[in-house]
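Protein sequence lines, in the order shown, are assigned to chains L and C.
Following this note's numbering, the numbering of the first sequence begins with 981 at its first residue and continues without gaps.
Following this note's numbering, the numbering of the second sequence begins with 1034 at its first residue and continues without gaps.
In case anyone wonders, no lab produced these hints; they're calculated from the structure.
For clarity, every value in this text was computed on a predicted model and none was experimentally measured.
Glycine is no exception: its CB is placed at the ideal position from the N, C-alpha and C atoms.
There may be inaccurate statements among the hints.
Unchecked claim - Below, simulated EDC-like cross-link-like pairs (lysine to aspartate or glutamate); rule was C-alpha separation at most 20 Å, straight line: (1) L:Lys1338 / C:Glu1163; (2) L:Lys1338 / C:Glu1170; (3) L:Lys1161 / L:Glu1042; (4) L:Lys1248 / L:Glu1290; (5) L:Lys1337 / L:Asp1039; (6) L:Lys1248 / L:Glu1042; (7) L:Lys1337 / C:Glu1163; (8) L:Lys1234 / L:Asp1219; (9) L:Lys1234 / L:Glu1171; (10) L:Lys1337 / C:Glu1170; (11) L:Lys1180 / L:Glu1042; (12) L:Lys1230 / L:Asp1219.
What the hints assert, rightly or not - Cβ-to-Cβ under 10 Å is the rule here; a few derived chain C residues that face chain L: (13) Pro1041; (14) Ser1067; (15) Met1192.
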Amino acid sequence: MAKDPAASSQRYRLPSLSDKGALVRLAAIGASVLAIAVCFAFVGGWLSPGRLGEARFIDRFEEVNGGAHPGFRRNHAKGVCIAGSFDSNGQGVRLSKAAVFAPGHVPVTGRFSLAGGQPHVADGPTAVLAMALRLRPPAGQEWRTAMIDIPVFLVRNGEGLYEQLLATQPDPKTGQPDPAKMAAFTAAHPEFLPAMQLVKSTPLPSGFANATFNGLNAFRFVNTSGAVTPVRWSMAASDPFTPETPEQAKNPDKNYLFDDFIARVARKPVQWHLLVTIGQQGDVTSDPTLPWPADRERVDVGTLTINHVETEAPGNCRDINFDPLVLPAGIEPSDDPILSARSATYSQSFTRREGEKKTPSAVQVPVGKGS
Amino acid sequence: MAPHRPFPVFSRILHWTMAVLVLAMLFIGIGMVSSVSAYHQLVAIHKPLGILVLVLVAIRLVNRLVNPPPPLPEGMPPWQRFAALGSHVLLYVLMFAVPIVGWAMLSAARYPVVLYGALQLPPIMPQNPELFAVLRETHTVLALLLFATFLAHFGAALMHALIFRDDVFPSMTFWGLRNERADGTSGDRDARAQVAATPALAKSE
């Protein structure tokens, strides 16, 4: 078969201006390509600057903390690494098929921290304490959880937290939040003031060792037969509760909360009980500002023992993202929107800090003192 | 000259399946980092779907070696041949690289790569913050490059279908070349019409 090569290659030229039909088709091709690109830009948020994405969220954390503190978490910036184990008593098996609840011994690493984005903030009586854990059963999937020592969360969605950060920022002149901003914020987020009342009416612990840490968000436990149970959990301290006193604030040691804990672990391992609260029909799972009724069944599923503390360093808790949605099969997120917002913003904070030059943590565990 | 033939059926199935998956992955990826409320649901789809793309592109590469694609039409100028070859090499490289870099970056950060339920993949990199930071950035840059290459590929396919009107587009569809193959002639529609209309050319055939 012979073909005129010139005629054959003719078709691979762009149409001439006189060929109206071809020009229309050419325009349609351009429009199709452009339409897909515009959809992509829309989904990526470039056309909606008001959308709350993780980068904008973390920008706000940096903004209210006097700029970025390179190498540190954008929230819970000040902390120390902990390690120990979780001894499961098997009581959780009926609720969840997660390997961590099978009777046995699970190695644990984690981190104690203060809420807030200042890596060198002085410990103080109003500090919110946090416990983050990474439980890794020898066989089975790991579980990460991050808990704080207040009874409820203060807002019910990501937008609320984003606005709370700015509204509650102290005015440099008065040292208090701007009343006008606060009024606008509390009007837009009516859940905030009642939640704040609950937090204020709960006495704060004198240190990490006697603090009870609450998961706050609801989750779903799924057992081997597929039964789903709405739950919340807490790490209840075995050390007797002693409230924070005003005298503690006068401590000249800027890290007294952490240093007290280091000294406490050096004497004896510190223990907590993991209490799983079982939600009933009608208990709200989507709103972490609302506590469940006090009479809900609580199941003690095991004992956490912390026997080691160490300074943040390469490869230890410093370089782990305690994303509360790193969950094993058997634990699932609830419909609480704060969970996705936490996961997204932790991820953004982690991505930023891991690429930055690191400087030493404020909390230094003396050599030989970490047990 | 070899008669024009379509892509093997299996190749066409792989092509269109992956077209949907890869485009969905690009949109899910860009969407999940731009919305804190949709983040978790999207990331939970993104990880297993990315691994599926990796498995499929490996099958596809083997298939391509076993069932080679039809040759490009005669008459395509060299620069277009080069662009076609280059963009296909780039598409294959990126379809491998984007999911592998994704898996590697999660490994360097010690995030579990959960596919479904208790099924998860082992890490393929040592834990390393600097490595994570570089791989995380690389994942985004390569994904955006993949999207740009996809747009070029899509635009070029439409050029073949609507402007050049050769066999390239029909050779990848499920309706294009079948009838034309049945009559044993080339699928080169315009050339055939030309042959029929020109007795001199018809004679020389």
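When you check the alpha-carbon spacing of Lys1338 of chain L and Glu1170 of chain C, does it fall within 20 Å? This hinted pair holds, its Cα atoms lying about 19 Å apart.
Between Lys1337 of chain L and Glu1163 of chain C, does the CA-CA distance stay at or below 20 Å? It holds: about 9 Å lies between the C-alpha atoms, which stays within 20 Å.
Does Asp1039 of chain L sit within 20 Å of Lys1337 of chain L, going by the straight-line distance between their CA atoms? 18 Å, holds
Within a Cα-Cα threshold of 20 Å, do Lys1180 of chain L and Glu1042 of chain L meet the stated pairing? 26 Å, violated
Just to be careful: measuring from the Cβ of Met1192 of chain C to every Cβ in chain L, is the smallest value less than 10 Å? 6 Å, holds
Under the criterion that the straight-line Cα-Cα distance not exceed 20 Å, is the pair Lys1230 of chain L, Asp1219 of chain L satisfied? At roughly 23 Å apart (the allowed maximum being 20 Å), Asp1219 of chain L and Lys1230 of chain L break the hint.
Run the distance test for Lys1234 of chain L versus Glu1171 of chain L: straight-line Cα separation, threshold 20 Å. 34 Å, violated
Please work out if Lys1337 of chain L and Glu1170 of chain C have their alpha carbons no farther apart than 20 Å. OK: Lys1337 of chain L and Glu1170 of chain C at ~16 Å, within 20 Å.
Between the alpha carbons of Lys1338 of chain L and Glu1163 of chain C, is the straight-line distance 20 Å or under? Holds. Lys1338 of chain L to Glu1163 of chain C sits at ~11 Å (cutoff 20 Å).
Hint check: Lys1248 of chain L vs Glu1290 of chain L, CA-CA at most 20 Å. Holds or violated? 16 Å, holds
Hint check: Lys1234 of chain L vs Asp1219 of chain L, CA-CA at most 20 Å. Holds or violated? 23 Å, violated
Using the nearest Cβ pair, does Pro1041 of chain C come within less than 10 Å of chain L? 24 Å, violated
In this structure, the earlier hints numbered 6, 8, 9, 11, 12, 13 are contradicted, and the remaining ones agree with it.
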